[in-house]
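> Using the hints provided, position chain B relative to the given structure of chain A.
Respectively, the protein sequence lines represent chains A and B.
Be aware that the first sequence starts at 1, since it is given in our numbering, and climbs by one per residue.
Be aware that the second sequence starts at 1, since it is given in our numbering, and climbs by one per residue.
Read the hints as simulated data drawn from the structure, not as lab findings.
A few of these clues could be false.
Below 27 Å or equal to it, Euclidean Cα-Cα: the simulated DSSO-like pairs (lysine-lysine) are [said to hold, decoys possible]:
1) B/K95 x A/K264
2) B/K95 x B/K193
3) A/K314 x B/K267
4) B/K22 x A/K264
Chain by chain, the residues run as shown.
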Amino acid sequence: MINLNFKHLIIMLAMILPACTFGQTVYEGQVINAETEEGLMYATVTLLKTKHATSSNYQGYFRLIADYTMTNDTIVVSHVGFKTFRLPVTGYQPNIFIKLEPTSSQLAEVTVGATKVKKAVIEKFNHSDVKDLRGRAFYPTYPYNIVGSFAKEFEAPVAGTLLSVIHLGRRAAYDIPFSLMDFPRTSSNKLTRFLLHVMTHDSLSGAPVKRLFTKVVTLNDNALRITFDLTKERIVLPDKKFFIAIEWLLTPINEIVQLDIGEKVAGVKKDNSTSFEEGSRYRIIYQPILVILPQWNGSSWQPRLSKVPIWNSKDGLKWTQVVNAYDVALSATLTY
Amino acid sequence: MKKLLTLLFIFTASLVKAQVKKNTFHVVDSATLKPIPAVNVSIVRAALSITTEKDGIFSIPGDLSTMRDTVLLYTQNYSSVKMSLFELDGLDTIKMQKQEAIAEAAKLKLNNDTLLNNYNRFDVGNYVGLHTGNGEFKYLQIAQRFETNRAGTVLKNITIERLAFYLNKFKEVPPSNKNGQYEYTELEHTRFKVRIYDINPVTGGPGKDLCDKVIEIKSRDDKKLATNLTKYNIVIPNKTFFIAIEWMRDYTNMGYVHVWDKRGGAKAHTNYRPAIGLAPTTGNKLNIWALSLNQQWSLYTYHSPDFTDLAIKATVGY
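So here's chain A without its partners, still in its complex pose (with noise of 0.2 Å):
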């Protein structure tokens, strides 16, 4: 009797073991309501079988590691007022975004929460524009060596609006790879602490110019897309024109090391002579790292060149116009 009882429990195991991966895995990405495409708070995460479970962030972010997998486990996102959504584990693809849909009983809730206020949202761009797509041939993000501040222009539909909310696309630093399917050639920091000012526009020169809000924004998570809800600052802009800028700071927190490969010194021969080999370098670079907009030109994925001018400055006085900018995901939601 034992012996078979010992059987079963091989054969149990046998049958178990190869659906269990051992060693953590990390699942993280960011919840959006699918209507507005806002980060939802407070969504439970859960691994369906192994009952790792965490709740999402005010970005609707969320990382869950799980000490081991099953191959075929589920991760089920459920939220009050919202459908709940399954995904097997083999679908997980890194930073994913997970929208969920509102209930018919949440719709009708907004329908009867409308107001005559008017919103406008300048330069949207939506989760798919940031999401990470590792095949894009082509480089992610805003230059950070720049070592300086960005501007971006925008145009309100009329002066006086209220600037309400930014939408601000980051670039997790592991997710630069040369390749599709090769290493990470960064070191992984979701930590970033950068500036984040609302400028005047110069009629003149077009450039930025007065500072009319500065707030410093640490970030201690890899969700893409960031909202800044900005409603409680009461900030309002004296004209149609206006900038957002981005300063970054040259602090160890912002610090991500770059893999390069290149000649290095292997040693000194009897004759006093260097040899070499190939070996790694480490590049600093400084987070955050923008996102750059992407399109499809038929065959490959392209950087978007902007329609609105942008600007650089390495001191945040001196600004110069970049010629052909790359289109950065910044978008400003206008009240009025």
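This is chain B only, laid out in the frame that chain A set:
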């Protein structure tokens, strides 16, 4: 085997000419006269530092009688040697005196474990040992301060997070294969020493060695380096102790780091691998100490206040 290691690295290698005198030195144990391996040799004002190979040989090119800098030699279990460079003129051997061995502690029966400085390794994203802002990282060791709630514990194991990338490598295959070579990937190699220190009651920093055995870690296949130290029976006499990484400043570990400066230019600095992770949890006290080329311990402030601890975990038993 490479028989010599010169103090002139890439930046000065081009200056070395055939006619320049090469002064070669053998570092030996003063009692046995046997070579001492892995001795750190630093020229203080020039801020140059290397680690010798197993044969304890190093060389300094040039006319030593005219040099006014100071050379500092140190290695585990030996008293440091400090000399003016001109004093080396005419010498070919430097003797180092072995320190008294640490008395072996009685084996304790350990019933409980405490994990110190715990963190999630997936949250480690910043590293120490690459540069110091606009300057080169000129430190010999980096140490993490640990606090236990009782004295007399035994250090059982440690886990260190390092920075390492996968590199594409090529390997030749026998001629029967038409392709001639195949490509594979492997993690960057490194080797370093681990030192365990008691607290220095005067400075609050690392003090006496608590282990006189050489703990050398070589790694090829993981960024997380877990090491079982049970066999060393390292007894921690006080509540505070330090775990330090001692870099082997040799050609294998040497690399370059390009850093942007505030004017938008890039500078290349030398560094020694591995860079050590910073713990993602921030405490209210800085616990990272660094040993300078002139062998002074001080708090390492470059990453504070955002980071206060290294990504080194330790388990102590009692």
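> None of the hints should be skipped; say for each whether it holds.
Against the structure, the hints come out as follows:
At most 27 Å may separate the alpha-carbon atoms for a hinted pair to count; B/K95 and A/K264 exceed this at roughly 33 Å. Taken as a hint, the B/K95 and B/K193 pair is honoured in the structure, with Cα atoms around 22 Å apart against an allowance of 27 Å. Distance restraint check for A/K314 and B/K267: the Cα-Cα separation of roughly 17 Å lies within the 27 Å cut-off, and the hinted pair is therefore satisfied. In summary, the hint linking B/K22 to A/K264 is supported, as the alpha carbons are separated by about 23 Å, within the 27 Å threshold.
Hint 1 alone, counting from the list given before, is not met by this structure.
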